[in-house]
Amino acid sequence: MTKILTPTAEHDVALGAVDRAQRDGLWMSPADAEKVTGWTLKPEGMCRAEACVPLPAAAVGTNEVDVAAFWKKLGGPVIASEKRDVWALGAPADERNAALEGLEAPDFTLPDVNGVPRSLSQLRGKKVFVATWASW
Amino acid sequence: MWQQLYSELKDKNFMVVAVAEESRGTDHARPWIEQAKSDYWQLIDAEHRLEDLYNLVNVPQAIWIDEQGRIVRPPETAGSTDHFRRMDLKTRTMAPKDQEERLAARQAYMDAVRAWVTTGKHALPATAARANLPKVTPDIAESRARFRLGVWLRANGRATEGDQQMAEASRLHPDSWSMWRQAADLDEVGKAGGPDFWKRVQALGDRPYYPPPKL
Numbered sequence: 043m044t045k046i047l048t049p050t051a052e053h054d055v056a057l058g059a060v061d062r063a064q065r066d067g068l069w070m071s072p073a074d075a076e077k078v079t080g081w082t083l084k085p086e087g088m089c090r091a092e093a094c095v096p097l098p099a100a101a102v103g104t105n106e107v108d109v110a111a112f113w114k115k116l117g118g119p120v121i122a123s124e125k126r127d128v129w130a131l132g133a134p135a136d137e138r139n140a141a142l143e144g145l146e147a148p149d150f151t152l153p154d155v156n157g158v159p160r161s162l163s164q165l166r167g168k169k170v171f172v173a174t175w176a177s178w
Numbered sequence: 744m745w746q747q748l749y750s751e752l753k754d755k756n757f758m759v760v761a762v763a764e765e766s767r768g769t770d771h772a773r774p775w776i777e778q779a780k781s782d783y784w785q786l787i788d789a790e791h792r793l794e795d796l797y798n799l800v801n802v803p804q805a806i807w808i809d810e811q812g813r814i815v816r817p818p819e820t821a822g823s824t825d826h827f828r829r830m831d832l833k834t835r836t837m838a839p840k841d842q843e844e845r846l847a848a849r850q851a852y853m854d855a856v857r858a859w860v861t862t863g864k865h866a867l868p869a870t871a872a873r874a875n876l877p878k879v880t881p882d883i884a885e886s887r888a889r890f891r892l893g894v895w896l897r898a899n900g901r902a903t904e905g906d907q908q909m910a911e912a913s914r915l916h917p918d919s920w921s922m923w924r925q926a927a928d929l930d931e932v933g934k935a936g937g938p939d940f941w942k943r944v945q946a947l948g949d950r951p952y953y954p955p956p957k958l
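Protein sequence lines, in the order shown, are assigned to chains A and B. Using this note's numbering, read the first sequence as starting at 43 and increasing by one per residue. Using this note's numbering, read the second sequence as starting at 744 and increasing by one per residue.
Since the hints were made in silico from the structure, they are not lab data. Careful: at least some of the hints might be erroneous.
A few chain A residues that face chain B, going by a derived Cβ cut-off under 7 Å, partial list only [claimed, not checked]:
hint: 1; residue: P119
hint: 2; residue: G132
hint: 3; residue: L142
hint: 4; residue: T174
hint: 5; residue: A176
hint: 6; residue: W178
Here are the simulated DSS-like pairs of lysine-lysine, each with C-alpha atoms no more than 27 Å apart in a straight line [as the list claims (entries may be wrong)]:
hint: 7; chain 1: A; residue 1: K114; chain 2: B; residue 2: K878
hint: 8; chain 1: A; residue 1: K115; chain 2: B; residue 2: K878
hint: 9; chain 1: B; residue 1: K753; chain 2: A; residue 2: K168
hint: 10; chain 1: B; residue 1: K833; chain 2: B; residue 2: K934
hint: 11; chain 1: A; residue 1: K84; chain 2: A; residue 2: K125
hint: 12; chain 1: A; residue 1: K125; chain 2: A; residue 2: K114
hint: 13; chain 1: B; residue 1: K957; chain 2: B; residue 2: K755
hint: 14; chain 1: A; residue 1: K168; chain 2: B; residue 2: K864
hint: 15; chain 1: A; residue 1: K168; chain 2: A; residue 2: K125
hint: 16; chain 1: B; residue 1: K878; chain 2: B; residue 2: K957
hint: 17; chain 1: A; residue 1: K77; chain 2: A; residue 2: K45
hint: 18; chain 1: A; residue 1: K77; chain 2: A; residue 2: K125
hint: 19; chain 1: A; residue 1: K168; chain 2: B; residue 2: K780
hint: 20; chain 1: B; residue 1: K833; chain 2: B; residue 2: K942
hint: 21; chain 1: A; residue 1: K45; chain 2: A; residue 2: K84
hint: 22; chain 1: B; residue 1: K957; chain 2: B; residue 2: K864
hint: 23; chain 1: A; residue 1: K168; chain 2: B; residue 2: K957
hint: 24; chain 1: A; residue 1: K45; chain 2: A; residue 2: K115
hint: 25; chain 1: B; residue 1: K755; chain 2: B; residue 2: K780
hint: 26; chain 1: B; residue 1: K755; chain 2: A; residue 2: K168
hint: 27; chain 1: A; residue 1: K114; chain 2: A; residue 2: K45
These numbers come from a predicted model, not from an experiment. Glycine residues also receive a C-beta, built at the ideal position from the N, C-alpha and C atoms.
Pulled out of the complex, with its shape left as it was, chain A reads as follows (with noise of 0.2 Å):
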């Protein structure tokens, strides 16, 4: 299995032959890819709602498709670990800019001390002071 962390999440994903893990890229199913990013497999690319970004021939195989070079033709960052079995796919600094510039507070969802998941969007309604701190 190679763990992929996303912003907001962490997925294992089989990549299965050993071939494709000795093969540059992130291969993986369509079906893995959506779970992991959100996006679809179609001819025309990688999917979500109305936008597609197309893919070079070479990023997509016989059910399968390379997730590091869609990623990347995203505008986010890839970061594998040594032994490429740790992944990690950062949010394009676009996204970012355009989700703050929006002014609508970006959704989060954190456990409490006792582990009870919390979310932002249960407050709506309310005016929130959210402020962090740490103990370094």
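With chain A fixed as given, assemble chain B onto it according to the hints.
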């Protein structure tokens, strides 16, 4: 830290969400949270996801969000000041005047939050809120991914490689004190406030460690 404010204002449709940027996790943050005796949300952000989403660089930073879920004040320093930079490092004490100013600044910030909740004052119009947003650059975006990978590697017994990713994250985004200090703390508790920290603070020169909020 925010309990008094919250107690005063909680009947006015107001909520405080305190987020611990704490890669050592819940158990490490717990003593501070218990000591705070708070009844607002105390959340744990081991991967610093909030810092990625909101482009934060230090603690404490706050974001003000209105009833419609709109950002009315972008990330800014939440009540802390740079007076600590003039502290006597041997005795760990501040001059009485600095101490006084520091507390006054904190009080002024708390008063601003109060005024916002009760009258709407200090909420910025959209253009001003937008103008005060820090921009995410491709280097910052890459630093977040490297930091995320570094936290995972450290948490999974691969400290050396995790450190390398975190060091690279700090190199790409030197303005983030959170990433640098978190990495130092993961290396050894206390290191985030050690000699290397003070060297880094001195290297700021005239630049602020805690930029004051423009209230």
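So which of those numbered hints doesn't the model satisfy?
-> Violated: hints 11 and 15.
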